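As you go down the protein sequences, you meet chains W and A in turn.
If you use numbering that gives the first Met the number 0, the first sequence corresponds to residues 0 to 112, in order.
If you use numbering that gives the first Met the number 0, the second sequence corresponds to residues 0 to 219, in order.
To be clear, the hints were calculated from the coordinates, so they are not data collected in a lab.
The structure displayed is predicted, hence computed values, not measured ones.
It is possible that part of the hints are untrue.
One-sided and incomplete, this derived list gives chain W residues near chain A with beta-carbon spacing under 7 Å [stated by the list, open to error]:
1. R33
2. G35
3. T37
4. F38
5. E41
No residue lacks a Cβ here, since even glycine has one placed at the ideal position from N, Cα and C.
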Amino acid sequence: MWTKVGVVRTEEGLREALTGLEGIQEAAEDLRVRPGRTFNTEVFEALELRMMLATARAMAHSALERRESRGSHLRLDYPQRDDAHWLKNIMVRKEGDMLRLRSEKVPPQEDQP
Amino acid sequence: MRASMKVWRYDPEGDLPPSLASYQVPYQEGDTILQALLNLYEKEDPIAFRYGCRFKKCGLCALEVNGRPRLACRTPLREGMTLRPLRALPAIRDLVVDRDPAFATLLPLQPWLDLGDPPLQLPRLVEPYEHQRLMACNECLGCLSTCPTYRYDDPSCGGPFHFVKLAQMHFHPLDRLDRAAQGRSLSIERCGACLKCHCLLGIPIVKMAILPLLEGAPRP
């Protein structure tokens, strides 16, 4: 996530990241943590891992979808901002194990060109 | 490179008595104790320790290194260190202590500014030098481990930490509560100004917090 889904992104890097995430996801299906109820950081890290994986997948997929550069999302393969196509938010919904992406137009705002 | 390190292990749910465990920690030049603990946690043994910001702002990683309080995040790793939890507070597990008692002592004293009603309106505030220095406190509670008098199980007993917090408010230009009297309610007179208390962030605790409260230094 740090090197491939950071500020500077490419389609290739994002696809590699998604493959990597799949591997982690598989490994995360079979987790063992030490028993114990007192300050057991392994337990909450195991819980956090699932949420982090879901968030990471949502980030990588929506970064892949946005084929332009904007703000802190810099696509080396699409270096220009593209207001004609991308004045919208990408929404990600988790349905079972799948992520569903849709985009929503951003209403015109005063500070937009 | 590897460094040998001893870590206090204690599990209230386990069968083994608390003891020092020896480790050989992989490290690179410039690593901190916190980095060494993270390496151990990830690769060898899930030791319990607290940390947050990793750069001396949050105060959560205070522990005792060779018997002296240190911030794990800012202390370089050296060969042969012994890590223990802060002795002044009750142990929870391994290097983790219960921070609650230290704050519970402070809570009844309204540890926030009393601005009066209606609040004082001053045209311009000048921050007193003492206030500026005292506000360096990041509440790591390391100082409590250097105080020979502080007892966490006695609510009428304050330690260096509490007097620093009271002095912060004493030296605030708008606060109106009698913080010196609150210091007396925490038995500040029991402090013999032994100068053993040590602040990891360099606050001169006796000079800038305890003596001013004891002597009722004029408020800004």
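Hint numbers contradicted by this structure | Those not satisfied: there are none.
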